[in-house]
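Engineer: Hey, can you work out the whole structure from these sequences and the hints?
For the sequence shown, the positions run 42 to 371 when our numbering is used.
Among these hints, one or two may not hold up.
[As the list claims (entries may be wrong)] Okay, derived cross-link-like pairs now, DSBU-like style, lysine-lysine, Cα gap no bigger than 30 Å in a straight line:
{"no.": "1", "residue 1": "Lys111", "residue 2": "Lys139"}
{"no.": "2", "residue 1": "Lys211", "residue 2": "Lys138"}
{"no.": "3", "residue 1": "Lys100", "residue 2": "Lys111"}
{"no.": "4", "residue 1": "Lys221", "residue 2": "Lys211"}
{"no.": "5", "residue 1": "Lys137", "residue 2": "Lys43"}
{"no.": "6", "residue 1": "Lys137", "residue 2": "Lys199"}
{"no.": "7", "residue 1": "Lys318", "residue 2": "Lys108"}
{"no.": "8", "residue 1": "Lys276", "residue 2": "Lys72"}
{"no.": "9", "residue 1": "Lys113", "residue 2": "Lys160"}
{"no.": "10", "residue 1": "Lys137", "residue 2": "Lys108"}
{"no.": "11", "residue 1": "Lys113", "residue 2": "Lys138"}
{"no.": "12", "residue 1": "Lys137", "residue 2": "Lys249"}
{"no.": "13", "residue 1": "Lys276", "residue 2": "Lys106"}
{"no.": "14", "residue 1": "Lys194", "residue 2": "Lys43"}
{"no.": "15", "residue 1": "Lys249", "residue 2": "Lys138"}
{"no.": "16", "residue 1": "Lys221", "residue 2": "Lys194"}
{"no.": "17", "residue 1": "Lys160", "residue 2": "Lys138"}
{"no.": "18", "residue 1": "Lys43", "residue 2": "Lys249"}
{"no.": "19", "residue 1": "Lys199", "residue 2": "Lys251"}
{"no.": "20", "residue 1": "Lys323", "residue 2": "Lys72"}
{"no.": "21", "residue 1": "Lys354", "residue 2": "Lys323"}
{"no.": "22", "residue 1": "Lys221", "residue 2": "Lys100"}
Since the hints were derived computationally from the structure, they do not count as laboratory data.
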Amino acid sequence: MKVIIPVAGIGSKLRPHTHTQPKALVPVAGKAILSHIVDFLLHSGCTEFIFIIGYMGDKIELHVKEKYPKLKATFILQEPRQGTGHAVYMAHACIKKKEGVFIVFGDTIFDYDLRALIKEGVSSLAVKKVEDPRQYGVVELDENGYVTNLQEKPKIPKSNLALTGLYYIKQASELMNCMKAQIEANEKNNDEFSLTAGLMAMIAQGQKFKTFQTGSWFDCGSRISLLETNATLLKRIKKKKTSYHYHNTIIIEPVSIADDCNIRNSIIGPNVSVGEKTIIEKSIVRDSIIGSYSQIETAILHESVVGSDAYLKGLSQSLNIGDSTEIDFS
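Structural biologist: Shown next, in the form of structure tokens:
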């Protein structure tokens, strides 16, 4: 099974971290968002990956090749970036007639039995009931559970079922034909070619779509949701028993601390991820993500995201600090 992963976005809601790296490479629970997605898809039986890259796409390509050297991967540059539908259409040359495909967006982590979707033999869209669906693609269903209508960020939603960024398309070539027609007719929504509109065109032609609710859906699109995802995944991830031995330091699980860290006279946890070769001294850190090669001294941090190669000294606060930043409050 092939999978298309659009990872071309800028990730403005995760700034300043996305000033120096793509959103999909921001770390959560010990590894990049993209690695969580790829590992899940590999475990689900996906064998061929098509990455639609754009903003800092070279870093995406380097990460995949370093972490997954045997992965059958194709990298396609989306330039200019003209929306989700346009991103998916960039993969049209890789899709064979009557071939099925998964589409997974690179800022959401899922947990679902994808093999079961294939066995059902019908195109399916992942959805979740949300309180305010106006910021999502919204799905309407008939009495038999088939999709009748899709709307992108409607002002007056007729349903609270929101698209969550995971799609199984049984006839991928038909989607590509619909997207091609949309692009050639320059039919844009908010100045973009929408994947939702392409799917709606398939429905108008008689294609059947059902929905499914994922067991878990982790949105990593903002700092708050990133920290919530970090905490949840740290509790869920089954890892080998690790004994952390740091000088005069208390570790409160769950945590993920990379190799070669130097931690002294500190309290770390709960819900903390620390990147490799980071130094933490005389500090208290909880509910936070600390990047690699960073240094934290005499600080109390909570609900904070600190980038890689950052230096912070003397503060009690909740922070959002990008890579290669130096702050001294002492």
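Engineer: Look at each hint and say if it fits the structure.
Structural biologist: Right, here's what the structure says about each hint:
1. Distance check on the hinted pair: Lys111 and Lys139 sit about 27 Å apart at the alpha-carbon level, within 30 Å; holds.
2. A hinted pair counts as satisfied when its Cα atoms are at most 30 Å apart, and Lys211 with Lys138 qualifies at roughly 11 Å.
3. For the suggested pair Lys100 and Lys111, the alpha carbons sit about 18 Å apart, so the restraint of at most 30 Å is met.
4. With a C-alpha separation of about 18 Å, the suggested pairing of Lys221 with Lys211 holds against the 30 Å cut-off.
5. Taking the CA atoms of Lys137 and Lys43, the gap is near 10 Å; set against the 30 Å cutoff, the hint holds.
6. Pair hint Lys137 plus Lys199 does not hold up; C-alpha atoms about 36 Å apart against a cutoff of 30 Å.
7. For the hint pairing Lys318 with Lys108, the CA-to-CA distance comes to about 18 Å; that is within 30 Å, so the pair holds.
8. Between the alpha carbons of Lys276 and Lys72 the distance comes to roughly 15 Å, so the proposed pair stays at or under 30 Å and holds.
9. For the proposed pair Lys113 and Lys160, the alpha carbon gap of about 24 Å is at most 30 Å, so the pair holds.
10. For the suggested pair Lys137 and Lys108, the alpha carbons sit about 28 Å apart, so the restraint of at most 30 Å is met.
11. As the CA atoms of Lys113 and Lys138 are separated by approximately 20 Å, the hinted pair is consistent with the 30 Å bound.
12. Restraint check: the Cα-Cα separation between Lys137 and Lys249 comes to about 20 Å, which is no more than 30 Å; the hinted pair holds.
13. The straight-line distance between the Cα atoms of Lys276 and Lys106 is roughly 29 Å, inside the 30 Å bound, and the hint therefore holds.
14. For the hint pairing Lys194 with Lys43, the CA-to-CA distance comes to about 28 Å; that is within 30 Å, so the pair holds.
15. For the suggested pair Lys249 and Lys138, the alpha carbons sit about 17 Å apart, so the restraint of at most 30 Å is met.
16. A threshold of 30 Å between alpha carbons decides the hint, and for Lys221 with Lys194 the separation of about 22 Å falls inside it, so the pair holds.
17. Note on Lys160 and Lys138: the hinted pairing holds, with a Cα-Cα distance of about 19 Å set against a maximum of 30 Å.
18. For the hint pairing Lys43 with Lys249, the CA-to-CA distance comes to about 20 Å; that is within 30 Å, so the pair holds.
19. Taken as a hint, the Lys199 and Lys251 pair is honoured in the structure, with Cα atoms around 17 Å apart against an allowance of 30 Å.
20. A hinted pair counts as satisfied when its Cα atoms are at most 30 Å apart, and Lys323 with Lys72 qualifies at roughly 25 Å.
21. In summary, the hint linking Lys354 to Lys323 is supported, as the alpha carbons are separated by about 10 Å, within the 30 Å threshold.
22. A hinted pair counts as satisfied when its Cα atoms are at most 30 Å apart, and Lys221 with Lys100 qualifies at roughly 29 Å.
Checked against the numbered hints given earlier, this structure breaks only hint 6.
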